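*Asks:* For reference, the chains in residue letters:
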Amino acid sequence: MRLFLAAVVCRLLRFIGRLVGKGSSLPGKYALKICPDVLGRVKLPPCVIAVTGSNGKTSTVEMIAAILRADGKTVVYNEEGSNQIEGVTTLILCNSTLGGKMTADVLLLESDERYARRSFRWFHPTHFVITNLYRDQLTRNGSPEWVYNAILPALHPDTTLVLNADDPLVSCFARGRGRVKWFGLDECAVSTKEHHGVYHDGARCPACCGRMEYSCYHYEHIGHYRCADCGHHRHDADFSVTALDLESGTLTIDKETEISLAFKSIYNVYNILAAWSVCSLAGADKAVMARVINNYVLKNGRMVCFTIGSHHGTLLTSKHENSVAYNTNLGYIAQRAEPCEVLIIVDAISRKYFTGETSWLWDIDFNQLNRAHVKKVILCGKYVNDLAMRFDCTEIPGEKIVCCDTVPQAVQLLEGDGDAALYVVTCFSDRDKLLNLAKREG
Amino acid sequence: MELTIAHLYPDAMSLYGEYANITVLRRKLEALGVEAAVREITFEDAADLSGADFIYMGAGTERRQKAVLNAAASLGARLKAAVEDGAVLLFTGNAMETLGASVTDAAGKVWPGYGLAEFTTVETDRRDPGDVVAASLLWDTPAVGFMNKCSATHGITSPMFSELPLGFGNETEHGPEGYVSGNVFATHLTGPVLVKNPHILDFFVRRLFAVKGWVCPEALPELPHQRAAYEVTLRELRARI
Ligand SMILES: [Zn+2]
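The listed protein sequences correspond, in order, to chains A and B. Going letter by letter, the first sequence gives residues 1 to 442 in our numbering. Going letter by letter, the second sequence gives residues 1001 to 1241 in our numbering.
FYI, nobody ran anything at the bench for these hints, they're computed from the structure. Predicted, not measured: the structure shown is a model, and the values here were computed from it. Note that beta-carbon positions come from the ideal geometry of N, C-alpha and C, so glycine has one too.
Over 12 Å on every C-beta distance to chain B, these chain A residues come out as not near it, computed from the model:
{"#": "1", "residue": "L44"}
{"#": "2", "residue": "K73"}
{"#": "3", "residue": "L98"}
{"#": "4", "residue": "D236"}
{"#": "5", "residue": "A243"}
{"#": "6", "residue": "T250"}
{"#": "7", "residue": "S280"}
{"#": "8", "residue": "F306"}
{"#": "9", "residue": "S310"}
{"#": "10", "residue": "D419"}
To be clear about the criterion: a stretch of chain A counts as covered by chain B if any three or more of its residues have a C-beta under 8 Å from a C-beta of chain B, and this derived list gives those stretches:
{"#": "11", "region": "127–140"}
{"#": "12", "region": "200–208"}
{"#": "13", "region": "350–360"}
{"#": "14", "region": "376–390"}
Using the sequences and the accompanying hints, generate a full structural model.
*Replies:* Structure follows, in structure tokens:
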């Protein structure tokens, strides 16, 4: 009876919420008040997939949904990104009968790393995909190890873990467990023998703190590793990218399926591989998977282009407090050939909460911009002085660096200084401050 | 003029941006005509602190901190000897905890510390990372920074900061924070503390000059942008108090 009541209230609130444009966590919150164990009472579909990790959750979930739907399955997933227990409750109850039975074939959940334990107290996924764990929003997350410790108790012994074999911390989730499937990237054209970046989170074994040896790095601390002390090592992958050419944008999965990349980034490669792996395990048809994923363009993936003065600009949305996201975009700029200018904005560090924390700037490999074709670097925003100090500690010649206190000042400067290609690196929290002053293209 | 910096376990105790403390200290010393050699010490090394003038260890994860305590049980004696020889020591983040008598982890296991101080630390399963404004009798201006701790440290009678208008001290919110004794300095402030606080950087430069018996100029050269960055952060954080 309480389940029924919770389901009715949840749906009603969701209906009203939609009318007034409110978010999706409130209905679930009330449903949980009426029936705290409601998630333990509903009848879930035979396939429940959860995805978590520092980067790439949303993209991976979107591709999994696209594949499984093309394969003829009905999929319910949290497209609005409400990935804590209240949002999950809303999603499940609004897609169930009033008797509490979900009618879809697949429930697909993007799960917040830190709150997975709350969500999965009452039920557990059949498959749990963990993409990667690295330094991300340390002002909220503490450390990758802390996030690892938060996810660990959410993993039920009956759940099949689908893990990134190339991430030494993620692979620790497999310790002492039976049900594990691995995905990973073979040594290929993008791999290097040396580590790149200003910090190396793979230098020490996450299990014993021993010295780690890498036979190759794909990016950051992601690669093929073995601990010299305890033997913690990369596992052979069940699903592999066996060849990769990021310049032409092609990858091969398990030596037989060739996929073209709409986005030629190593992160996209891992997201595709993660989606491929779990969809295979869910029984999707290979030809269907290949067709859907080939040249797949993510919903939020289209590059934002604009004009400022005579500059043609491209926005490379990063995430503040996430050096890996920054490094990706800086690497992209470094690989261009034509002369360009770069604008970096750090004004509000987060759009969700306040912090004055700028330590993460020191984890970003800004030296990647020390290239002849990068003619000028404009730094701007409230934390321009922190940025400037950070750039003083790179090898980039000082005469290339210009500082502006505000975004309008930077725009004014750009309007009068030529027509070189412009790349803007910033976060969701700051991007609109620029876009509102620029002319949008296409 | 030359001096030696020993950076302890930089590959393990590096939560975020700690290396920059060494970078800016060297820059500042360079501007004063001092060449600073950096000796990075890892677990595989014998922790040779001989001749070290400045010894630094940054923050790590809880597990890494235990590995440090475990791998370097003999480090305590070496640290004591180095300090007796006149070395200046700065431990930031949870490296601070290693200087005490013990660290009790969240599971209740007691790890012996290096014993340079009497204080003890107890870890909890709660973490409240947060911005910090810290007042100290050592400096006219408050320190700014960030703390990322899940522990409380007891038994400190000579803190580095007298109170924290914003943030969690050794034992209580707003309470005294860190530890000072002679040339031993420790604070739970995390990351590039010396980057964010020009006056603390100056303080350590002066202390090193004193230890070496060199004459320090009245006014120290400023690193470009550092003071401006500090003032913006202080203004932003004060608006939150
Ligand atoms: Zn190991």
